[in-house]
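A.B. asks: Spelled out, the chains give:
2 protein chains.
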Amino acid sequence: MSTNTTGRVASGATDRARRVQGPVRGGLDLGGTKIEAIAVDRRNRVLGSARRPTPTSGGPADVAAELARAVSEACAEAGIEPHALSGVGVGSPGSVDPQTGAVANARNLPGWQDSFPLAETLSSELGTSVRVGNDVQVATDAEFKLGAGKPYRSILGVFWGTGVGGGLILDRRPWLGRGAAGEIGHTVVKSGGRRCPCGRRGCLEAYAGRGAMEARARKLAKKGKHTDLFHLMEERGRTRMTSSIWGHALELGDKLATELIDEAIEALGTGIASAVNLLDIEAVVIGGGLGVRFGAPMVKRIAEAMTPHLFNDWRPPAVHVAALGDLGGALGAALLVPRGARKTVDAGSTRRDD
Amino acid sequence: MSTNTTGRVASGATDRARRVQGPVRGGLDLGGTKIEAIAVDRRNRVLGSARRPTPTSGGPADVAAELARAVSEACAEAGIEPHALSGVGVGSPGSVDPQTGAVANARNLPGWQDSFPLAETLSSELGTSVRVGNDVQVATDAEFKLGAGKPYRSILGVFWGTGVGGGLILDRRPWLGRGAAGEIGHTVVKSGGRRCPCGRRGCLEAYAGRGAMEARARKLAKKGKHTDLFHLMEERGRTRMTSSIWGHALELGDKLATELIDEAIEALGTGIASAVNLLDIEAVVIGGGLGVRFGAPMVKRIAEAMTPHLFNDWRPPAVHVAALGDLGGALGAALLVPRGARKTVDAGSTRRDD
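Protein chains in written order, with this note's numbering: chain A, 1 to 354; chain B, 355 to 708.
No wet-lab data here; the hints were simulated from the structure. This one's a predicted model, so the numbers in the text were calculated from it and none came from an experiment. One or more hints might be untrue.
What the hints assert, rightly or not - Some, not all, of what chain B presents toward chain A, calculated at C-beta under 10 Å: (1) Arg555; (2) Leu558; (3) Tyr561.
As the list claims (entries may be wrong) - Here are the in silico distance ranges between beta carbons for each label pair: (4) A:Pro308 <-> B:Glu474: 31 to 41 Å; (5) B:Ser411 <-> A:Lys219: 50 to 60 Å; (6) A:Pro338 <-> B:Lys504: 31 to 41 Å; (7) A:Lys145 <-> B:Asp395: 45 to 55 Å; (8) A:Pro297 <-> B:Ser478: 47 to 57 Å; (9) A:Pro316 <-> B:Thr661: 27 to 37 Å; (10) B:Arg526 <-> A:Gly111: 36 to 46 Å; (11) A:Lys225 <-> B:Arg527: 45 to 55 Å.
Heads up, the beta-carbon is just placed ideally off N, CA and C, and yes, glycines get one too.
Only chain A is shown next, with the shape it has when bound in the complex (with noise of 0.2 Å):
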């Protein structure tokens, strides 16, 4: 953060201030492609918010700069100095120890095998106490407290974007596991089937993760099959097939972008109904970059996928698109810090009194 930066923020903030009651917390969403800072107040309203993309080079160290940075910008838009910040969290990818805000093995991130100290790094950076989660857990946490998920005791939070990744709340409580819970993208729903991006065979995730689904369309377009898929990529500049791609290829009726959809639905509906069946929850929540961009229509079709497969079919669960949008992962992040919590500052470092 440069002294310029943070002038612009300190002069802001002094008349912002003012106007927020209680304690602002911050929330930092880290994907794959895109870091997401939004700054709440005590009922979860959002006063700032910040967008940067994730660094594609370097390690560990780069990217907390540029989350620092991220929560710096969404602060100065609320009006507050980031160390005026009751809490930060973030839901980041990888292996999160939540004790220690700790993250290894984060593979869509540059560099980032070996275990690295996030929390402790982003809190000497920005002068606050900073709590880690995995980020589809926090995300589908967002949506049950926030979100479509608040009327249920029990949620599936299902996140259908890059890949396919999953979060439960049981009788009100985020199920883990031992820390590893949620993994519903790698449910086998064919045996032998398809190669996931994971390296098994016939995980949901090989047939509705966007990573593989443009993998497919590569690869059959390089036998001969005709898709305007490519062609759109191109014309809007893009070095991955987004969400946005795939909609605007489904509206021109293009017969392999449908086919593969058809076939990630199929996947969606058969593994969700297999989770259903097993846990007898409330509500299933679809999110997710291409959850949230085909929204209802396609929430819809997921919901009729699962009917044949449901064991108790005369009482499915409710199906839902995630209310939050993009704003659930850094909402749910922002949710990781205690309300109760107060600020204490001294001499530059940080205490949190809970």
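Following the hints, put chain B in place on chain A, whose structure we already have.
C.D. replies: Relative to the frame of chain A, chain B by itself:
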């Protein structure tokens, strides 16, 4: 129960009752082919047991009468009158209402579609309070509290028999969902795959349930595939392909039996791995007729079949054979009776003071 039998029970009871310390609970496991009854002491030691065939005709009232007879026999062995039991628990198939003890839709029992007041009927027959739970869930509870699941906080019980049932303990508490959780047998392991006895396609049970395996063997034998399975059934005078017939066929190296069991193991490995990916539980306990009959070597094969599908393959769950064997269901049923239950019998009716 005839007067003669009562006489015998009563005379035996006088001696033994003096040795029984504390309250005695009854447990009933109501299966499609047999009823298992036990009487246990405070420390869940079996004081008496009895086994009777499940009626194949009549209706719920006939089944209830047979259940009462089995309890009386187990009590006779334990040296206690049924009405002196502090309570009786029943593990039942079908849709169980744990509040009222009513059971509906028990597909494998004669004429049992509509709701039948099982707890009420048995209670007035036996002169003690009766609680009813789901058969698979009580067997899972028993393994968790007394058997192979004791060292863990979260387990998945898989009961591999005529069908494939499942029960969950999450963070030391049974997880029932909206009352119908645990249907791991209807996890789809192969989209568009083999027809399941439930009518759906590709379920785990379609490959691993003894009922489905027998139907498959019959179909393939009709098509001219050689097998000794049916010969073994005739030889032993059986009308169903029991676990021991499958065991014997495998020992003889029967090719079709080997193929079908291989498919079952593969399906079990796949479906259980998907459940583990979703829940990240600590341990899997495998019971049921086939699970108990085949024991550790086969459970080891199931664990191996899980491995290629486990997302966190560096930390697989423990996989155990059910430690309580055939008695697990009845022991779990007895656990439905609160330990603190005390009997107060007045004028033939019963009241339980918890």
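A.B. asks: Confirm or reject each hint.
C.D. replies: Results for each hint:
At about 8 Å, the closest approach between the beta carbon of arginine 555 of chain B and any beta carbon in chain A falls short of 10 Å, and the interface hint on this residue holds. With a least beta-carbon distance of about 9 Å to chain A, the hint placing leucine 558 of chain B at the interface is held under the 10 Å criterion. Interface restraint check: tyrosine 561 of chain B against chain A, minimum CB-CB distance 9 Å, threshold 10 Å, status holds. One distance hint, 31 to 41 Å for the beta-carbon pair proline 308 of chain A and glutamate 474 of chain B, holds here, with the actual separation near 37 Å.
For the pair serine 411 of chain B and lysine 219 of chain A, the beta carbons lie near 59 Å from each other, so the given range of 50 to 60 Å is met. Between proline 338 of chain A and lysine 504 of chain B the Cβ separation comes to about 35 Å, which falls inside the hinted range of 31 to 41 Å. Under the hint 45 to 55 Å, the C-beta atoms of lysine 145 of chain A and aspartate 395 of chain B, about 47 Å apart, fit the expected range. A beta carbon spacing of about 55 Å between proline 297 of chain A and serine 478 of chain B agrees with the range 47 to 57 Å that was offered as a hint.
Against the hinted window of 27 to 37 Å, the Cβ-Cβ separation of proline 316 of chain A and threonine 661 of chain B comes to about 33 Å, which satisfies the hint. Checking the proposed 36 to 46 Å range against arginine 526 of chain B and glycine 111 of chain A shows it holds: the Cβ atoms sit about 40 Å from each other. Remark: the range hint 45 to 55 Å for lysine 225 of chain A to arginine 527 of chain B is upheld by a beta-carbon distance near 51 Å.
Going through the hint list in order, the structure satisfies each hint without exception.
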